[in-house]
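**Q** As they're listed, the protein sequences go chains A, B and C.
Counting from 1, one number per residue, gives the positions in the first sequence under the numbering used here.
Counting from 581, one number per residue, gives the positions in the second sequence under the numbering used here.
Counting from 898, one number per residue, gives the positions in the third sequence under the numbering used here.
Quick caveat, the hints were computed from the structure, so don't treat them as lab data.
Please note: incorrect hints may appear among the correct ones.
Straight-line C-alpha distance at most 20 Å; calculated EDC-like pairs for lysine to aspartate or glutamate [claimed, not checked]: (1) B/K747 / A/E111; (2) B/K879 / A/E95; (3) B/K880 / A/D134; (4) B/K745 / A/E69; (5) B/K880 / A/E146; (6) B/K697 / C/E947; (7) A/K32 / A/E69; (8) B/K745 / A/D114; (9) B/K747 / A/D114; (10) B/K877 / A/D269; (11) B/K879 / A/D269; (12) C/K1154 / A/E392; (13) B/K747 / A/D269; (14) C/K1130 / A/E392; (15) B/K697 / C/D1230; (16) A/K396 / A/D384; (17) B/K745 / A/E95; (18) B/K879 / A/E141; (19) B/K880 / A/E141; (20) A/K137 / B/E881; (21) A/K147 / B/E881; (22) B/K697 / C/E1227; (23) B/K745 / A/E115; (24) B/K877 / A/E111; (25) B/K880 / A/D269; (26) A/K138 / B/E881; (27) A/K136 / A/E146; (28) A/K136 / B/E881; (29) C/K1130 / A/D439; (30) B/K880 / A/E95; (31) B/K877 / A/E141; (32) C/K1153 / A/D384; (33) B/K747 / A/E115.
Ranges of calculated distance between the beta carbons of each label pair, as one might list FRET restraints [stated by the list, open to error]: (34) B/I876 / A/K137: 35 to 43 Å; (35) C/A1210 / A/R461: 21 to 29 Å; (36) C/I1121 / A/T351: 52 to 60 Å; (37) C/Y1256 / B/K880: 27 to 35 Å; (38) C/Y1256 / B/I876: 32 to 40 Å; (39) C/A1210 / B/K880: 40 to 48 Å; (40) B/K880 / C/V1113: 48 to 56 Å.
Ideal placement from N, C-alpha and C gives every residue a C-beta, glycine not left out.
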Amino acid sequence: MEEKQIALEVQKVSKKFGSIQANKAVDLTVYKGEIHVVLGENGSGKTTLMNMIAGIYFPDSGKIFVNGEEKIIRSPKDAFDNKIGMVHQHYKLIELFSAAENIVLGIKNKEKFDEKKIVSRVEEIAHRYGFSIDPKKKVYEMSVSEKQTVEIIKVLYRDADILILDEPTAVLTPQETEKLFNVLRVMKNDGKSIILITHKLNEVMAVSDRVTILRKGRYIDTVETSQTNENELTEMMVGKKIELNINRSEPVNPRPRIVCENLCCKDKDGLPILKNVSFTANGGEILGIAGIAGSGQRELLEAVAGLQPLTSGTIIFHNPKENKPVTFFHKDLKQIKELAKEHKFHYEDGTVVDLTEMHDKEISNLVNEGKLLFYEDEIMNLRDKTPLQIRELGVKLSFVPEDRLGMGLVGNMNITDNMMLRSYRKGGSIFLNRHKPQDLAEHIVEELEVATPGVTVPVRRLSGGNVQKVLVGREISSSPKVLMAAYPVRGLDINSSYLIYNLLNKQKETGTAVIYVGEDLDVLLGLCDRILVINSGVVTGIVDARNITKQEVGYLMTKVLDSAPQTETTQEEGGDVNEA
Amino acid sequence: MPVWLNILIDSIAFGATFMFGSTGEIITEKSGHLNLGIPGIMCMGGAGGCLMLNLIGTSKMPGFMIVMLGIIASFASAALMGLIYSFLTITLRCNQNVTGLTLTTFGTGLMMTLMAKATQTKYLNIPKKYFRFPFADRTDSLQKLGVMFFLVIAIIVLAWFVLNKTKVGLNLKAVGENPSTADTAGINVIRYKYLATTIGAGISGLGGLYYIVDYSASGEAYKSLEAFGWLSIALVIFALWRPLRTIAGSVLFGILFSFSSYITLIPFIETTLKTKPILQMLPYVVTIIILIVSSIKNKKENQPPSSLGLSYFREDR
Amino acid sequence: MKLNSEKNHEPLVHLTRRAYMSPWKAIGIRGVAIVASLIVSGIVALILIEKLNANPGRIFDFYKCFIDGSFSTEGMTWKFFKNLAILLCISLAVTPAFRMKFWNIGAEGQVLMGMLGAIAVAKTCSSLPNWLVLILMLIAAVLCGIVWAGIPAIFKAFFNTNETLFTLMMNYVATYFVSYMLLVWVPSGNAMGIVNQETKIGWLPTVIHNYFLIIVAVLILTGILFVYLNYTKHGYEISVVGESNNTARYIGINVKKVILRTMILSGALCGLTGFLMAAGLDHSITSTSVNGQGFTAIMVSWLAYFNPLTMIATSGLIVFLDMGGSKISEVFDVRGALPNIIIGIILFFIIGCEFFIRYKINFRKKEVVDKSSKPEPVPVPQEEVKEENQTDEDEMPSAEQPAEETEQKEDN
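Next comes chain A alone, as it looks inside the complex:
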């Protein structure tokens, strides 16, 4: 161990993006023939650091030594020249090309393009490290793990001695992960240095020799894997709890509003993203969703919003309609009669009406006069409904998507026109009514202190925080019964963030069911009433935010509950913690 040679050394490297310090004086030492994990939460600066080593970013300060010599790495080509190769989290492959073609793409040398030679070289590399690959297979026909293999071989083909793998296991099944690790071990024995970025602790323990921990862009420590344990690593990764001053009120009359059971869905490659997700969101409370980025949070919210097709599961919405008159506004006669079969209606004095016996005319009269009241919450299944259908059912469901300008708002439209996105259909006229949206826009600009020259400015020109205020403002303005917000404070400064927290709290106080997807555990613990923790599409726990520590949540976030049909365990898990 003492004899290890240093392959790569990073000294005091810093990188700033605008006002954000992505890396601050980070150190990293990687030996020859070791697997070195860089561990950290989202936004801890792991990828930025790796991108600097791989020549994609250039550091503001600091030095990089390769094999003891100081090197300046300006481009991926420089990195390759220094035998450094990186497998990015999002693969850079040409779908239409075969594996072999992708592997040699862009290599500048005098060699002729000889497919046979390339294929045999690829096969040789694959054989040496224990990959299985069909060099002639087109990338678009490949599974994710095959694509990853291509990316890794692409790096090896260029004779890299230092391999950086950015979250390679995020998209792999456990079996594929194990296979990958075996390959990595072979490479290690071959004298190559492997830098692995991950936040999965079990993997860290399983495969690595040493671990470097980053938190919020800073270097925390480097430890030998054999000298540490998961708890210690978690603590270093998430840090001590920071007290936030969020005014959290007690839940207001929490009653189930959205009940999801066994939600499953797949991505376009047919890989499961949500696996038997079950949870209940209550009115009058904030349900937080915690998880490593890409664990299925987005799909979960989109599923509820009617944007993500489900392969199984139910989404039940409890419309709090108790003791409110039935109207023809969103129910026609047929629907009312349908409803009467399973639910009860009553008069104002409380006597139950049996609609099944009545004539249509009588029912219409009752409805028109407003005499017919709901007896209980209206129950609706939102599964397989489009956003428009959900709206037409009278479900007031607001959704602040993660992708603000690509989905929630139209960048080239002005604030007023963006206000109409949800409501422009109202009324029978073929013309748009811009009066109300304009009033709303002015109201939001004033109330939420949106910094803009006016409401006729395209939202594209506003800064990120102001864009978010406009979006959240619009979604709240319809006094929703359910408000879902995905990373609503991402990119916002402290003041704007608090403004958003307060808005969410106010919604909660009016009885709305708020679902908040966040990445900052301190905020989740300080803002939410309950927290659902999700990992790789599986709910690893639903916990009471008031009585849990950051470490416990962090542990759940990386806890692996996999293997396919394990509905029971998930539910048990969720139920257990719930009761606690």
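Chain A is fixed; fit chains B and C onto it per the hints.
**A** Then chains B and C, alone, in the frame of chain A:
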């Protein structure tokens, strides 16, 4: 020579016009650029070549020099047009459709004006003979299979080879499929785009010269060049962006197009004048059907290059 | 060391996308482009036109011809406005589709089919009263236009068939179909004469001037389309679909329906143009009756940023140049197609100058003051840059997150 063979050879010779046009356009489109200026470029290729022949056609130069200079001038003037397009769409990142259409307007206009200055007897009479080497003395349609016909076959084979068997071709296809990935792989995207659009335009332009001087060999020929430019673009779809298929496609298009002129000559087929436009319509209808079928089948290999029509700016998302 | 390497790093010219440019500055840039293009046209003319070549002093006549071409006589002026109206009308027709980012370059064929429909009715129903024939002509023309635009739209909506290539091919199918119909009507192959020359059945009545009704009709249509695109729910949906399919999905717009509806509108307007041309101007048809205006209209619409009111100006510019070019050809005795050359040159400049409106060119400076032009390693893949841009504007707690976000966007 039997009538049918005569017609077939004539159709093949006619198809060579499209072979130039669509091979050039395939090379262009492989870099992700839909050049709707091909009609204008082919016109200018024709005009450039003819003006050169206008200068040297009656000189004492040896025949092969005349042919060479004509081809070079034609290629150069078309490539120059391609350069205008490249500058606008690659460097200035202008809308490709609008730029292409403008190029067509400009090119056809300029050709009409330039050709009005050329003298038919100078650029046609003598050069025609050299261009139709080696069959110039024949009286049947074989005379039309001249130097440029063999040139285009060579170009197509070369294009096929480069696209499928060399690194340059691989890089070019990568640029058209996903310029951002190509960029990260260290390929000079801008250079590849420039070269492909310019060389592609040059090759297309030769089609204009071929049609005017060799195939049609008439002083009026240039007036119908624009239509053949559009047909070349159609042929690219028909060939599903594969150079070798343009040969088959061109022959088919040529047969359909020129068949209509011959059909009245065939004694046992009863036809009227009316069938002519229907036959002429067929290439386009066939192209549409191919386009539809390939989009329904949605086979990856048969789709246009993924980034076709989009300009690449490294800093865009 | 560090500073040195950074200096080496920064490219000489660094482009960034502009978020905004004041309208006046943008107009200024376009003005400069037009002036520059006129100068270049002058130079090209000096080379190409023999009479100018011999006598460069007449270059002022050259420029004067532009004005003469459109406004020297009352008849010319009427013709100018008539040409403007027709070009504008086709441009209006393609605009709704363009706003939706549906690249319909098949206006040429759609208008021609509209004309064919109108002429067919005029020919076959010449015994009916004029008003009825006109209505039937209008209906037939609009229907033909709808069919011609609807076919590519259906395939686009359901199979995502490339609409640019499809509509382009449809133009030629229309051309030859018209040739065929002409041969059916006039088997000799001669040109088709004026339809109903004596009875004037199926002719638009003359009010004030032959062209008056057409000009008024197109003006009204411009207004209607402006309102439709900017003040109706349909127009709003078109804009949303054009801007982002994801947003359309998010708010529950049925994208297929919008594509079909908009293309039907586009085709109907093309058909209407065909009707105006058939009933008001040509009273006849050839396979080249539209004469490339379907393509020119694309440029008119694009130059006007798809705004119907601005299109009055851009179509005016094109017609002005076209008629000026013809006048020049006449005065200086140029054979060929001079107007096309001049239009081409001027459009190149106008198209090109958009670059300076959309992008900002940052030259290498000693100290980087501008936030947006900070030193940048050379090969930057896309997501990373977005990430950086975002961090630029916002207070960003997570530097890794946006990469994820963009990638997902791309996936969709």
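**Q** Could you run down the list of hints and mark each one as holding or not?
**A** Results for each hint:
no., hint, verdict
1, B/K747 / A/E111, "holds, 9 Å"
2, B/K879 / A/E95, "holds, 12 Å"
3, B/K880 / A/D134, "holds, 19 Å"
4, B/K745 / A/E69, "violated, 40 Å"
5, B/K880 / A/E146, "holds, 18 Å"
6, B/K697 / C/E947, "holds, 10 Å"
7, A/K32 / A/E69, "holds, 15 Å"
8, B/K745 / A/D114, "holds, 8 Å"
9, B/K747 / A/D114, "holds, 9 Å"
10, B/K877 / A/D269, "holds, 18 Å"
11, B/K879 / A/D269, "holds, 16 Å"
12, C/K1154 / A/E392, "holds, 18 Å"
13, B/K747 / A/D269, "violated, 30 Å"
14, C/K1130 / A/E392, "holds, 17 Å"
15, B/K697 / C/D1230, "holds, 12 Å"
16, A/K396 / A/D384, "holds, 17 Å"
17, B/K745 / A/E95, "holds, 18 Å"
18, B/K879 / A/E141, "holds, 11 Å"
19, B/K880 / A/E141, "holds, 10 Å"
20, A/K137 / B/E881, "holds, 13 Å"
21, A/K147 / B/E881, "holds, 18 Å"
22, B/K697 / C/E1227, "holds, 16 Å"
23, B/K745 / A/E115, "holds, 8 Å"
24, B/K877 / A/E111, "violated, 37 Å"
25, B/K880 / A/D269, "holds, 15 Å"
26, A/K138 / B/E881, "holds, 10 Å"
27, A/K136 / A/E146, "holds, 12 Å"
28, A/K136 / B/E881, "holds, 14 Å"
29, C/K1130 / A/D439, "holds, 19 Å"
30, B/K880 / A/E95, "holds, 9 Å"
31, B/K877 / A/E141, "holds, 15 Å"
32, C/K1153 / A/D384, "holds, 19 Å"
33, B/K747 / A/E115, "holds, 10 Å"
34, B/I876 / A/K137: 35 to 43 Å, "violated, 24 Å"
35, C/A1210 / A/R461: 21 to 29 Å, "holds, 25 Å"
36, C/I1121 / A/T351: 52 to 60 Å, "holds, 56 Å"
37, C/Y1256 / B/K880: 27 to 35 Å, "holds, 33 Å"
38, C/Y1256 / B/I876: 32 to 40 Å, "holds, 39 Å"
39, C/A1210 / B/K880: 40 to 48 Å, "holds, 44 Å"
40, B/K880 / C/V1113: 48 to 56 Å, "holds, 52 Å"
Violated hints for the displayed structure, listed by number in ascending order: 4, 13, 24, 34.
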